[in-house]
Each structure stands twice: as C-alpha cells, then as structure tokens.
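S.K.: These are the residues of each chain, in order.
There are 2 protein chains.
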Amino acid sequence: MTATESRPPLTGDGTTSSPLDHSQRLVVPVAEPMPLDCGTPLAPIVIAYRTYGKLNADRSNAILICHALTGDQFVADRHPVTGKPGWWGHMIGPGRPIDTDRYFVICPNALGGCMGTTGPNSIDPATGAPYALDFPVITIGDMVRAQKLLVDALGIDQLFCVIGGSMGGMQVLQWAADYPDSVFGAIPIATSWRHTAQNIAFHEVGRQAIMSDPDWHEGNYDRFGVRPTRGLAIARMAAHVTYLSETALHRKFGRSLQDRKMLSFGFGADFQVESYLRHQGITFVDRFDANSYLYMTRAMDYFDLALGHGGRLTPVFLGTPTRFCIVSFTSDWLFPTSESRQIVHALNAVAANVSFVEIESDKGHDAFLLDEPEFLRVLHGFLDGLAEHRGLGPADTGPDPDSRAAGQP
Amino acid sequence: MTATESRPPLTGDGTTSSPLDHSQRLVVPVAEPMPLDCGTPLAPIVIAYRTYGKLNADRSNAILICHALTGDQFVADRHPVTGKPGWWGHMIGPGRPIDTDRYFVICPNALGGCMGTTGPNSIDPATGAPYALDFPVITIGDMVRAQKLLVDALGIDQLFCVIGGSMGGMQVLQWAADYPDSVFGAIPIATSWRHTAQNIAFHEVGRQAIMSDPDWHEGNYDRFGVRPTRGLAIARMAAHVTYLSETALHRKFGRSLQDRKMLSFGFGADFQVESYLRHQGITFVDRFDANSYLYMTRAMDYFDLALGHGGRLTPVFLGTPTRFCIVSFTSDWLFPTSESRQIVHALNAVAANVSFVEIESDKGHDAFLLDEPEFLRVLHGFLDGLAEHRGLGPADTGPDPDSRAAGQP
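Chains as they are written, first to last, in my numbering: chain V, 1 to 409; chain A, 1 to 409.
The hints are simulated quantities; they were obtained by calculation from the structure and are not laboratory data. Hints may contain errors.
Anything over 12 Å on all C-beta distances counts as not near chain V; from chain A, calculated [unchecked claim]:
| id | residue |
| --- | --- |
| 1 | Ala43 |
| 2 | Lys84 |
| 3 | Asp124 |
| 4 | Ile138 |
| 5 | Glu204 |
| 6 | Arg298 |
| 7 | Ala351 |
| 8 | Asn353 |
| 9 | Leu369 |
| 10 | Leu386 |
| 11 | Glu388 |
| 12 | Gly393 |
Partial pick of chain A residues on the chain V-facing surface, computed with a CB cut under 8 Å [stated by the list, open to error]:
| id | residue |
| --- | --- |
| 13 | Gln208 |
| 14 | Ala209 |
| 15 | Gln258 |
| 16 | Lys261 |
| 17 | Phe271 |
| 18 | Phe284 |
Beta carbons are placed, not taken as given, at the ideal position from N, Cα and C, and that holds for glycine.
Throw the hints in and build the complete structure from the sequences for me.
M.R.: Next up, the structure:
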C-alpha cells in the first residue's frame, strides 16, 4: 500500500528545516518493489512532487509535467535551493497556457533525481549509506513506471495531458507508448524518439569530466565528505553550450569583453561568454548531485523507443488513442526538427491524431524553457482543443484562493 | 643573426634519440628578441619545421602550410610520436594536389606548440625551468611573425602560396593581412576572420577541464613530475565532438554497441561512440602538451582580424595583391560557410582576386583533414592556375630522388 504525504507549502521565508520539506511525497514501501528495466527490483521508492490547481470531481483534468535532465518538481514555484522562480512559471498558473484554474498540474522529481525522489544519493536500506554507484542504472521507462505509481496513488485513471521538453519529452513519448489508455493528450517538446550518437557523445564528455574528478571517489564522495564540484561544473559548462545557438550566443555576448576594455593576455575570463559559462558551472553544483547527473544522462543515452521493434518506431504507436502535439524549435541543434519529424511520420503512419509545430526561434534548445510567445500560444491552443474533446468545462474564473495556494506564478 | 639547422630525416625505424631530432630548426638567438602582440619581447625562439620538395632557383615555388590547433610540422611524413602518416599525406607529395615535384613545401610547428617550436614547455632562460604560465600569451599574429622569420631565413621573399585549415586558416588570413607582398596566393580553409562566441565557449570548457585537473598545478606540472592527462583528455573529447557532424557520427556509429549485444546498465563504454571518444582523449595526451593547448586555444579566441579597424574587415585587405581561394564545407558547424562568405564579401568589396568554393561533405569540420576528392581537386586546380599566373614551370616529372627524400606520401 503506497502512501502520499502532504507537507506544508513553501512559505518563501527560508525557515523550513530542509529545502525539500515543502514537497509532497509518495512513499512506495520496501514490501512493494518496483521492477526496473535492468532486472533489479527497487524498494523503497520515494517520489517527491508538487501539485498546482485542483483535481476536478471526475479526476479528468490532471496534467503531468515531466522535467528535463537538470529540472525538478519546482516547475511553478520558487526553488528551495536557488530561490529562483519555477522553471516554467510563465507557462503554469491562473490564466496561463497550462491554466491552474482549469487543470490540476502534477510535477514529480524524476526517478534518479536529487530533489527528494529516490536516486543514487538516497540511502540504500541494505547498507544504511547512500547508494552511490550501487544504485541500479535506470531508464526513461523506469522513470515513467514510477510516475505511474504516483498517478495511480492520486486516483487518476487517465491523465488529461502529459507534457515535457527534452528528457521530459522522452518521458511523454514513453508514457504514450507504455500506457496509451492513461494518456488523453501528449505534448513532447524539443525531443527525440532515441538519443543520437552526437548527444551520447556530449553526455559522455560530461560523465568523464565528473568521473575524472579525484573528489568523485568512484561515486563515494559522500563518504569522504567532499563533492566532485569541478567535474560537475565542467559537465554543466559543456552541456550548456549545446543548449544555446550560435546566433543567441552572438547576440548575447559576441566577442564583448568582461569588465575590461582590452584583452588581458591571460587565462582569466576576458570574454563575457567565458564569464557567463563559468557562472553556469559554479551555480549548478549548488543545486545538483554529480551521481544523479551520471544516472540521468545514462537514462537519456539508453532511450530508444524502437528498441524491441526491430528499430521501427511505427509499431510503438499502433492503435494509439492519444492526441499528440509535437513541438520543435528551428535553432535547436541538439534535438533538431528532423528528429521531431520522424516521430510525426511514425504517428501519421498509424493514422494517429497528431499536430506538429516548428517554432521559429533563434534561442536553440533552451527555447522550450523560455517565454517564447508563439510557443505559449501553441500550447494554450492545443490544450483548449484537447479540453473541448475531453468535455472539460471552461476555466473557473471565480475567486478560489485554495486553487492558487500552491503555485507562485 | 638567425641560424637554420638541418637534422637527419626520419628513418622510420624509431632509433633516433629524440622524436624531434629529425625536424629542421630555425634558432633566433636571445640577442634578437621578437616583439609579441602582448608587448613582451620573446627570445630565444626556436622554430621546428619540415620541408618537402626543392626550392627552385628563383625561390618562387615555396608553399607554406599552417597547421591547425593540435597539428604539427609532420604534415607529410610519419609522426615521430604516434608513428602515424602525416596529417595531410594524401594532399602533399609527388603528383598530389600540393605537388612536391613542383613546389617546395614548408611546414613549421606554430609558436606556442609542443613539437620543438618555442612554447610554454620550453626552457625559460630567466629561470632554467619550463616557462609554464610565465610564457606570454601569444596571438595568431605572433605565430605568423615567427613564421616570417623562418621564411626570411630561408631566403624567400614571396611565398607562392600560404595554405591552412581552421587555426591554420586564421594564420593564412593573417599572413595576407600583415605581409601582402610576401603572399602570392592564399588558401584559407574552414576558418573564420574572428573566433565566434560559441567557439570561445567550447575552448573555455576545454581550458577549464585542464585547469581543474589537480595534476595541472597552476601549469607547473613538470615540476611535480606529473601531467594533467585527465583534464587534457576531457578537453580533447569535448573538442572532438565539435569537429564532426551529427550525420557523420550517425553513419559511423549510430547507437551501435561496443563489443556487446545488450546494454550493460553501467557506466562503461556501452556505445561505440563512447569508446571512440575515450580513445581520442587517451591517445591525444601522448602527443600533446596541456599548457600548449591552453595557449593555442587562447590565440584562436583572441583572433579578430577586424580589431583595430572598427570591427570592419574590408580595410584589412584594401589593395591586396594576393589571389585567394576560400574553402568551406557544408556540414562544418564549427566554422560554417557563413563565416567564409563574410571573408569573401570583404575581399569582393576591395575588388580582390578571390575564388570561393563550398564543398559538399557530411563529415563536419574534420573534412579539411580528410581525403575528400572534390576538395583535393579544388586545391589542385587553384594551385595550377596560380602557378600559371606566377610563371612557374610544370611539375618536374623526371626522376629526382632528392626531392622525394623528405616526404613519405
């Protein structure tokens, strides 16, 4: 029997004893191990999540948000570690595209994560110490299996929509593949149906940077009272460049110098782009765990929806009842439009209900996290149409403080 | 007074006492310091180089090859450390596009390098120990200034052609800008007139990887009897991904597994692309110096031909007598065709003699190092036309063992 616990919402005054105290939690006990794709069962499992809005009477208005590689459950309220607004605060809230006056939004921290959900830095019941590399290598399928436990525990038979970008988009596709009857609508954004060789290569660079850091200690840094912050910062810097486009970098920084008028003829951060990148690396290590980074990137590398179907994607979606909206961005070279088109072609081949939109943007892969008006309009519009098909009523426009309590849009 | 020394050519049996013993060397003595762009004069300077073919009587058939970031002078014969054929062995030799029966080919190791030319691992006469970070930060302009000393010492007033790709292409452009009367023809390949923000960012990731390695010791690893091999390998891996195209990676590796039929659910090199990348990192550290990598990448970052001209490229080439052939590759996203076009536009604006060829290739930036038939034809053809304009005779087709002694095509 699983149990959900509701903890007090974040007050914003930073006085809570743990940064994760304000997350809700699903606890799957040791007696109910969850099978993993690697063959090892996992127990216990904790899934930390946040909800926004109210579940309606027939439980038909639930939207599941799947976060990306370094995202977390704080999709629409202040991050407990960084103090920054939710990573999709402009997307979720009353009157926003994902309207919390109308929908019940659930965002769990993914399995393998480091914000309260079970992952490599959780305590291994067999040893009483963090799993570290004894944590089993998980897949996108495992992440989704754990999310299904949460959705079941919340008493929801069918999600109104599953939405996510990048690694989140992989989870959306996996949901539609594994639980078609539980997914009324699906919005995979800036993603792929299998991780490409180039993207595996970029991930491998990041992992090697972490694993080469002497403070990593074969994953047991916790035992040594250190953290492989240098390696993790390098991994983040390398990845961050791939999230942007050359156009965006050129517009934002060009060859502008940082706090100086002339080149220093040294190895300091002469250029603004260097200073920006170093900052990205340094701040990332405050909120993310190195082992989690290894496991999450590995899950993405392993993702290949056509595995087990002879490399063909079409059989995966045969007979799917789900309505899809596939979104890509013109300047995203990490998950380019061509990848999304392949998903669209596979869905078309099985006569699925699919919309496809390529958003004009020069902001690279990062665009899915940004306030891009056309992108927001597309999501708003698709969800409106989906709600009509599902027979959901219009947004509750009356005052209802409760439904707004959790979100901080 | 500078002095050139000729050492015995490589016998190929690996019995020479030093891997660099078979390089020719120019020695610029302490009494003749060379000014650097940073303001510090540098002395002494050694320039290690290789030549192929024979200089003709009027010294009009010399081609200077400028190597890329991690290249060296062993452009057309066996590398003394790796034992591999020259990096442009298919390009240079009798009957090849850069025909050693016709041209006298000079390839120096760039200033700041680690294959015999003065760089950060050379001995600082002030201390008797390697310069390490006391070596002045050099520029592409400094590299070219040092090459000019070599060309002068060889008694060559005008180079028939200067050729190079990537960082080598930057040097070609700098030659044409600084010594227009000394450059009859110029072939800048897969390059740019100023390093972009994205490329600075990628370099910064590599530098941070090296400088984060505890074995780097602020550059003084030599003193500690260690080398920052882990950081340098990460830098190489990160850079190597950028040299390839997603298409090439997909064709070469796709998601194929390395020596196994199933995923290992671990962090070993499951995928061939991971194994390949690790190999690239590991082998690189055997032949390259970490501090050199810092200095060479910095020189590229600093490269901006329009600096000092209000950001405008046109004045740089005003009145240029040089004939240019600009070459780019369709799938090169590190130095894309758009960068080359900007050079062409600037040259056109001053009515320079310029050809521009974009080669169809899916091999990414690496294409300039590969045996791409159309690329070889373009170079061959341009050089033929250039030779006609210069009044050079046809290739010497008679037997002349001497002219073939140095090269190993």
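S.K.: Now tell me, hint by hint, if it's right for this structure.
M.R.: Now for the hints, and whether the structure bears them out:
Annotated as non-interface, A/Ala43 keeps its C-beta farther than 12 Å from every C-beta of chain V; the closest such distance is 18 Å. Distance check for A/Lys84 against chain V: the nearest CB is about 22 Å away, which clears 12 Å, and the non-interface claim stands. With a closest Cβ-Cβ approach of about 17 Å to chain V, A/Asp124 is found to remain outside the 12 Å limit, as its non-interface label requires. At roughly 9 Å from the closest C-beta of chain V, the C-beta of A/Ile138 falls inside 12 Å, breaking its exclusion from the interface.
At the 12 Å boundary, the C-beta of A/Glu204 falls inside the reach of chain V, the nearest C-beta of that chain being 5 Å off. With a minimum CB-CB distance of about 7 Å to chain V, A/Arg298 fails to clear the 12 Å threshold, and the non-interface call is violated. At roughly 28 Å, the least C-beta separation between A/Ala351 and chain V is larger than 12 Å, which holds for a residue marked as non-interface. Distance to chain V confirms A/Asn353 as a non-interface residue, since its nearest Cβ pair spans about 29 Å, more than 12 Å.
In this structure A/Leu369 is separated from chain V by more than 12 Å, as the shortest Cβ-Cβ distance comes to about 18 Å. Against chain V, the non-interface label of A/Leu386 holds: every CB pair exceeds 12 Å, the least being about 33 Å. Distance check for A/Glu388 against chain V: the nearest CB is about 39 Å away, which clears 12 Å, and the non-interface claim stands. Look at A/Gly393: its CB is around 45 Å from the nearest CB on chain V, clear of 12 Å, so calling it non-interface holds up.
A hinted interface residue such as A/Gln208 counts as satisfied when its beta carbon comes closer than 8 Å to some beta carbon of chain V; here the least separation is about 6 Å, so the hint holds. Given hint, A/Ala209 at the interface with chain V, holds; its Cβ is 5 Å from that chain's nearest Cβ, closer than 8 Å. Violation of the interface hint for A/Gln258 is found here, the shortest Cβ-Cβ separation to chain V being roughly 11 Å, above the 8 Å cut-off. Hint status for A/Lys261 relative to chain V: violated, with the closest Cβ pair at about 12 Å, above 8 Å.
Checking A/Phe271 against chain V: minimum C-beta separation of about 5 Å stays under 8 Å; hint holds. The interface hint given for A/Phe284 is violated, since its Cβ lies 13 Å from the closest Cβ of chain V, which is over the 8 Å cut-off.
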